[in-house]
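J.: Protein chains in written order, with our numbering: chain L, 1 to 648; chain S, 1 to 234; chain D, 1 to 247.
Don't take every hint at face value.
Once the Cα atoms are required to be at most 25 Å apart in a straight line, the calculated SDA-like pairs of lysine to any residue come out as [what the hints assert, rightly or not]:
| id | chain 1 | residue 1 | chain 2 | residue 2 |
| --- | --- | --- | --- | --- |
| 1 | D | 16 | L | 190 |
| 2 | D | 244 | S | 141 |
| 3 | D | 11 | L | 501 |
Quick partial rundown of chain L residues pointing at chain D, CB under 7 Å, derived from the structure [unchecked claim]:
| id | residue |
| --- | --- |
| 4 | 56 |
| 5 | 126 |
| 6 | 142 |
| 7 | 458 |
In case anyone wonders, no lab produced these hints; they're calculated from the structure.
Note that beta-carbon positions come from the ideal geometry of N, C-alpha and C, so glycine has one too.
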Amino acid sequence: MAFKLDAKIPAGALADKWSNHKAAIKVVSPANKRKLDIIVIGTGLGGGAAAASLGELGYNVKVFCIQDSPRRAHSIAAQGGINAAKNYQNDNDSVYRLFYDTIKGGDYRAREANVYRLAEVSNLIIDQCVAQGVPFAREYGGLLANRSFGGAQVSRTFYARGQTGQQLLLGAYAALNKEIAAGTVKSYPRHEMLDVVVENGEAKGIIARNLVTGEIERHGAHAVVIASGGYGNVFFLSTNAMGSNGSAAFQCYRKGAGFANPCFTQIHPTCIPVHGTQQSKLTLMSESLRNDGRIWVPKKIEDVKALRAGKIKPSDIKEEDRDYYLERRYPAFGNLVPRDVASRAAKERCDAGFGVNETGLAVFLDFKTAIERLGEDIIKQRYGNLFDMYEEITDVSPYKEPMQIFPAVHYTMGGIWVDYNLMTTIPGLYAIGEANFSDHGANRLGASALMQGLADGYFVLPYTIGDYLSKKIQAPKVDVNTPAFDEAEKAVKDKIAKLMSINGKQSVDDIHKKLGHIMWENVGMARTEQSLKTAITEIQALRKEFWKDVKVVGDPMSFNVELEKALRLADYLELGELMARDALNRAESCGGHFRSEHQTEEGEALRHDEEFAYAAVWEYKGMDQEPELTKEMLDYEFTHRAQRNYKD
Amino acid sequence: MNCFLYNSSVGKKLVMSISGCALVLFILFHMSMNLAAIFSAEAYNMICELLGANWYALVGTAGLAALVVVHFAYALLLTINNYRARGKQRYAVETKEPGVSWASKNMLVLGVIVLGGLLLHLSHFWAKMQLVEILGGHESEVGGQMIAATDGAALIQYTFSQWYNVVLYLVWFAALWFHLTHGVWSMFQTAGWANDTWYPRLKCIAQLVSTIIFLGFAAVVVVFFVKANCGCCC
Amino acid sequence: MNFTLKIWRQKDAKSKGAFETYKVTDISADTSFLEMLDILNNNLVHEGKDPVAFDHDCREGICGMCSLHINGLAHGPGQAATTCQIYMRKFKDGDTITIEPWRSAAFPVIKDLVVNRGAYDQILQAGGYVSVRTNSVPDANAIPIPKADADESMDAAACIGCGACAATCKNGSAMLFVAARVSSLAKLPQGRVEGARRAKAMVAKMDELGFGNCTNTGACQAECPKGISIAHIARLNREFLAAKLQD
Numbered sequence: 001m002a003f004k005l006d007a008k009i010p011a012g013a014l015a016d017k018w019s020n021h022k023a024a025i026k027v028v029s030p031a032n033k034r035k036l037d038i039i040v041i042g043t044g045l046g047g048g049a050a051a052a053s054l055g056e057l058g059y060n061v062k063v064f065c066i067q068d069s070p071r072r073a074h075s076i077a078a079q080g081g082i083n084a085a086k087n088y089q090n091d092n093d094s095v096y097r098l099f100y101d102t103i104k105g106g107d108y109r110a111r112e113a114n115v116y117r118l119a120e121v122s123n124l125i126i127d128q129c130v131a132q133g134v135p136f137a138r139e140y141g142g143l144l145a146n147r148s149f150g151g152a153q154v155s156r157t158f159y160a161r162g163q164t165g166q167q168l169l170l171g172a173y174a175a176l177n178k179e180i181a182a183g184t185v186k187s188y189p190r191h192e193m194l195d196v197v198v199e200n201g202e203a204k205g206i207i208a209r210n211l212v213t214g215e216i217e218r219h220g221a222h223a224v225v226i227a228s229g230g231y232g233n234v235f236f237l238s239t240n241a242m243g244s245n246g247s248a249a250f251q252c253y254r255k256g257a258g259f260a261n262p263c264f265t266q267i268h269p270t271c272i273p274v275h276g277t278q279q280s281k282l283t284l285m286s287e288s289l290r291n292d293g294r295i296w297v298p299k300k301i302e303d304v305k306a307l308r309a310g311k312i313k314p315s316d317i318k319e320e321d322r323d324y325y326l327e328r329r330y331p332a333f334g335n336l337v338p339r340d341v342a343s344r345a346a347k348e349r350c351d352a353g354f355g356v357n358e359t360g361l362a363v364f365l366d367f368k369t370a371i372e373r374l375g376e377d378i379i380k381q382r383y384g385n386l387f388d389m390y391e392e393i394t395d396v397s398p399y400k401e402p403m404q405i406f407p408a409v410h411y412t413m414g415g416i417w418v419d420y421n422l423m424t425t426i427p428g429l430y431a432i433g434e435a436n437f438s439d440h441g442a443n444r445l446g447a448s449a450l451m452q453g454l455a456d457g458y459f460v461l462p463y464t465i466g467d468y469l470s471k472k473i474q475a476p477k478v479d480v481n482t483p484a485f486d487e488a489e490k491a492v493k494d495k496i497a498k499l500m501s502i503n504g505k506q507s508v509d510d511i512h513k514k515l516g517h518i519m520w521e522n523v524g525m526a527r528t529e530q531s532l533k534t535a536i537t538e539i540q541a542l543r544k545e546f547w548k549d550v551k552v553v554g555d556p557m558s559f560n561v562e563l564e565k566a567l568r569l570a571d572y573l574e575l576g577e578l579m580a581r582d583a584l585n586r587a588e589s590c591g592g593h594f595r596s597e598h599q600t601e602e603g604e605a606l607r608h609d610e611e612f613a614y615a616a617v618w619e620y621k622g623m624d625q626e627p628e629l630t631k632e633m634l635d636y637e638f639t640h641r642a643q644r645n646y647k648d
Numbered sequence: 001m002n003c004f005l006y007n008s009s010v011g012k013k014l015v016m017s018i019s020g021c022a023l024v025l026f027i028l029f030h031m032s033m034n035l036a037a038i039f040s041a042e043a044y045n046m047i048c049e050l051l052g053a054n055w056y057a058l059v060g061t062a063g064l065a066a067l068v069v070v071h072f073a074y075a076l077l078l079t080i081n082n083y084r085a086r087g088k089q090r091y092a093v094e095t096k097e098p099g100v101s102w103a104s105k106n107m108l109v110l111g112v113i114v115l116g117g118l119l120l121h122l123s124h125f126w127a128k129m130q131l132v133e134i135l136g137g138h139e140s141e142v143g144g145q146m147i148a149a150t151d152g153a154a155l156i157q158y159t160f161s162q163w164y165n166v167v168l169y170l171v172w173f174a175a176l177w178f179h180l181t182h183g184v185w186s187m188f189q190t191a192g193w194a195n196d197t198w199y200p201r202l203k204c205i206a207q208l209v210s211t212i213i214f215l216g217f218a219a220v221v222v223v224f225f226v227k228a229n230c231g232c233c234c
Numbered sequence: 001m002n003f004t005l006k007i008w009r010q011k012d013a014k015s016k017g018a019f020e021t022y023k024v025t026d027i028s029a030d031t032s033f034l035e036m037l038d039i040l041n042n043n044l045v046h047e048g049k050d051p052v053a054f055d056h057d058c059r060e061g062i063c064g065m066c067s068l069h070i071n072g073l074a075h076g077p078g079q080a081a082t083t084c085q086i087y088m089r090k091f092k093d094g095d096t097i098t099i100e101p102w103r104s105a106a107f108p109v110i111k112d113l114v115v116n117r118g119a120y121d122q123i124l125q126a127g128g129y130v131s132v133r134t135n136s137v138p139d140a141n142a143i144p145i146p147k148a149d150a151d152e153s154m155d156a157a158a159c160i161g162c163g164a165c166a167a168t169c170k171n172g173s174a175m176l177f178v179a180a181r182v183s184s185l186a187k188l189p190q191g192r193v194e195g196a197r198r199a200k201a202m203v204a205k206m207d208e209l210g211f212g213n214c215t216n217t218g219a220c221q222a223e224c225p226k227g228i229s230i231a232h233i234a235r236l237n238r239e240f241l242a243a244k245l246q247d
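Start from the sequences, fold in the hints, and give me the full structure.
T.: The following block contains the structure:
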């Protein structure tokens with residue numbers, strides 16, 4: 001049974017859609033809001049903002065996070081900034097330009113109406129955050145400062161040093177605290193959602209595990225909001241936090257929610273290269289570094305060899321012997337091309353043998369020109385903390401020698417399919433932020449993730465959820481003692497018991513590393529039909545191995561990190577296959593999805609709009625069954641789809 | 001009692017700060033007064049006479065005693081509280097954090113030494129001077145001779161002719177020095193009157209004040225010890 | 001490199017804990033401290049033993065989750081860094097490293113090296129926010145804020161809530177944490193509006209939760225991974241006292 005997808009995109013001119021929609025949807029009166037319960041999973045920018053705003057409106061909100069405090073959600077790690085179409089710099093920015101840049105940056109695989117709404121509410125976000133006491137960078141006149149980010153020719157990025165995500169999250173967390181104090185929101189830290197309960201086709205609650213005691217709990221609600229972030233950790237090594245996982249989203253998929261464009265993964269160009277097999281995590285260096293840093297590799301292969309042998313230092317290589325390949329290939333945007341383009345260009349140079357470290361998987365990000373032009377003090381002011389962090393990790397000072405960088409998995413544009421109201425294919429189940437698929441198409445622009453999380457949480461969901469809940473005002477409190485809850489709880493307990501009983505030979509991490517290797521080699525920056533087919537077979541085999549040979553130690557009824565990891569890996573082993581299947585189906589290149597068979601003569605991504613201008617929505621059919629594909633066709637009424645051009 | 005000076009941590013610290021500040025001011029006065037003894041026994045005794053059992057001196061003494069009691073009682077209260085806050089299980093390994101002064105972590109111990117010294121000092125001087133007058137006397141026996149309650153200079157002369165007193169007093173002053181190197185800038189911090197620009201200045205002032213106090217007091221002790229023990233050569 | 005690790009093991013909040021000694025071998029100098037613990041844990045799992053529980057998440061020094069007391073110092077050797085930002089090159093081959101959880105009455109141990117820092121959340125819930133509703137706000141540039149004030153606010157806002165301040169303080173005082181929030185908001189016109197109320201409520205909550213009193217040792221600022229200055233404590237004192245004197 002394929003999905004009957006209705007994106008519920010309002011009619012009318014692009015600029016009027018959101019206003020018209022808001023006017024058309026129903027609202028819930030204050031007296032009735034008090035009777036309605038909402039569960040929010042995740043406390044990042046999306047979940048935190050949503051829970052706070054919903055609590056403020058008067059709903060009874062329960063908010064869950066796996067960390068010890070809502071403040072630790074991984075949104076906190078975003079460094080560079082948040083976009084908004086304020087046009088404070090007078091550089092001819094506008095809502096339309098932000099919309100257009102985002103659609104184009106996403107390589108025409110996002111919904112126009114959603115993206116326009118995102119651009120439209122972007123300005124409100126900045127207002128909101130300033131009012132919450134977020135200390136954005138300011139100019140001497142006391143007004144807000146901006147900087148540039150990849151994929152844009154205007155300066156529209158607001159920032160708070162290199163800690164923008166942290167500051168925005170502290171704003172949302174503060175708003176959440178205000179509501180917790182007021183009693184409208186109840187916080188459940190160190191709780192992990194293990195299943196969503198669906199009854200009569202509607203989301204009715206969740207099954208959660210208390211990570212401290214191991215107890216399995218039931219929580220009922222009139223609506224459930226998934227704000228659990230992305231699933232980049234399927235690659236084992238990524239810039240995501242160690243605990244970031246795709247399990248909450250995956251449970252929704254398993255319970256019947258469509259999962260859209262799972263293969264759209266963003267590989268961030270500026271990460272610290274992998275140093276060895278003992279590594280557990282990749283560290284991101286902010287994209288803002290590309291404002292002043294220039295990316296290059298040597299022109300001569302002899303220099304590369306000498307570098308690898310440690311015979312010369314990068315600074316010994318003469319200016320004319322350096323290949324500033326981004327500036328060479330993309331004169332108009334230079335070092336500020338979108339992430340997918342920058343990542344692929346780095347891979348192209350490294351594949352050609354110009355990688356500058358022992359593994360051949362690194363390029364230089366150099367501040368020499370900027371230091372000469374602006375002086376070391378200004379550079380220190382702008383990037384001091386990032387430079388210190390780099391030196392701490394690598395023992396090399398970026399003031400003296402260029403940084404070494406290489407692309408790494410960073411963000412997943414794909415996610416749970418949602419309509420214009422952010423509701424999934426299961427009524428009453430919503431998905432916001434990175435957990436959904438809606439706004440970034442095939443590639444996300446820098447500083448847009450924070451924008452989307454907060455837009456969904458503060459300004460979209462609080463309105464759209466009312467439309468559904470207005471039909472629930474007569475509904476009683478959700479009873480958690482129903483067969484649906486019994487069944488869901490039993491399934492979770494059985495799964496845990498099964499994992500604990502295998503007692504094989506491999507640790508969870510051993511298997512996760514294998515999965516990561518399969519994913520990176522075959523479903524990574526460049527994919528081919530062959531590599532994807534290989535990936536599917538290998539993942540299937542690895543999944544069998546997992547269920548036969550994994551070793552989970554400890555007591556399930558206590559604090560048990562190995563069990564947590566095993567539960568997440570079990571889902572990754574299915575999600576990885578789904579990603580490969582989706583990538584195989586999409587026989588074109590677009591944004592972060594690069595199929596080597598489909599490229600232009602210059603090596604750029606080659607889209608096939610006639611065949612693939614759709615969101616691929618997958619329906620779960622069972623662990624070893626092929627999922628079913630439904631297509632949501634994407635209409636481009638207001639923009640002209642063109643080959644992305646960052647050259648002129 | 002529903003007052004922030006008693007039931008809030010910051011309020012309690014303010015009490016420490018203000019009482020400490022008053023005590024520092026008194027100590028500075030006392031030190032200046034002592035210096036007079038080096039130059040002229042008469043001048044010193046004149047001050048002693050002013051500070052006999054008259055009403056303002058008695059009020060002052062009572063006030064000082066109250067300050068000491070409050071400062072010490074609050075210190076105990078805070079320390080007990082802090083000890084509890086630290087929890088039952090202590091760290092097995094502790095390393096000194098960079099830039100943290102030894103004195104700042106040992107204020108209570110230093111305070112106890114200072115208090116001990118104070119009691120000794122009171123028995124040496126106050127008990128022979130103001131207390132005698134309060135009890136209606138005019139003189140008392142010190143080391144086999146009668147000394148008038150107003151003859152502070154003679155008391156100094158006698159006390160610091162004994163080497164062990166000199167040692168005890170110098171230890172006492174050293175403890176006071178440590179206590180004040182932290183206490184003097186800390187009282188500004190607690191009252192909220194400090195910032196990153198002023199820390200170096202305040203810490204410098206604290207060092208200066210404590211060192212002046214140490215030297216001022218120590219000078220009297222040393223001078224009198226030297227005078228008493230090598231009278232022939234000076 | 002090879003290391004001997006003395007690690008605090010404690011089954012749960014109620015059990016008594018003790019140190020256990022482990023060896024890890026063949027560790028690269030470029031390995032981070034937590035990766036070294038990952039390696040130890042993977043070995044323990046293979047031996048069928050319970051791995052060491054420790055808090056960690058972002059491994060970039062920003063989430064504030066990691067919380068180890070290493071060789072007597074919160075977040076280990078080196079200043080202005082969290083545990084996850086410590087690399088093994090900071091240690092000597094053959095070193096014995098003692099690893100303990102945060103120790104503070106307000107941070108009870110949950111398991112091994114994991115503690116409950118919920119008290120910090122509770123302090124912020126008492127008033128660490130600006131009471132604005134979503135959407136009822138003026139334009140972001142409506143109120144100019146001097147750059148110096150915004151910068152100072154940001155200095156304080158850099159706090160990651162890791163708990164190192166209270167864990168390091170010999171008095172178990174949370175003053176640096178409370179001050180960072182109060183001071184950050186006090187420097188902004190948006191936060192000034194309820195500044196007095198905030199300072200009083202947060203200090204009261206801090207006292208109620210059993211944190212100790214600040215004696216200005218400055219150990220917190222020395223160990224703070226974000227280098228937050230005790231000047232913010234001075235500002236908190238000022239805010240609190242001014243508020244109380246006006247009552």
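J.: Hint by hint, say whether it matches the structure.
T.: Going down the list of hints, with the structure as the test:
Only pairs whose Cα atoms come within 25 Å are accepted, and residue 16 of chain D paired with residue 190 of chain L is accepted, the gap being roughly 23 Å. The straight-line distance between the Cα atoms of residue 244 of chain D and residue 141 of chain S is roughly 52 Å, outside the 25 Å bound, and the hint therefore fails. Restraint check for residue 11 of chain D and residue 501 of chain L: the C-alpha separation of about 21 Å stays at or below 25 Å, so the hint holds. The beta carbon of residue 56 of chain L is positioned within 7 Å of a beta carbon in chain D (closest approach about 6 Å), and the interface hint is therefore held.
Because the beta carbon of residue 126 of chain L sits about 4 Å from the nearest beta carbon in chain D, less than 7 Å, this interface hint is met. A least Cβ separation of about 3 Å between residue 142 of chain L and chain D falls short of the 7 Å threshold, and the interface hint therefore holds. For residue 458 of chain L, the shortest C-beta to C-beta distance to chain D is roughly 5 Å, which falls under 7 Å, so the interface hint holds.
When each numbered hint is compared with the structure, a violation occurs for hint 2 only.
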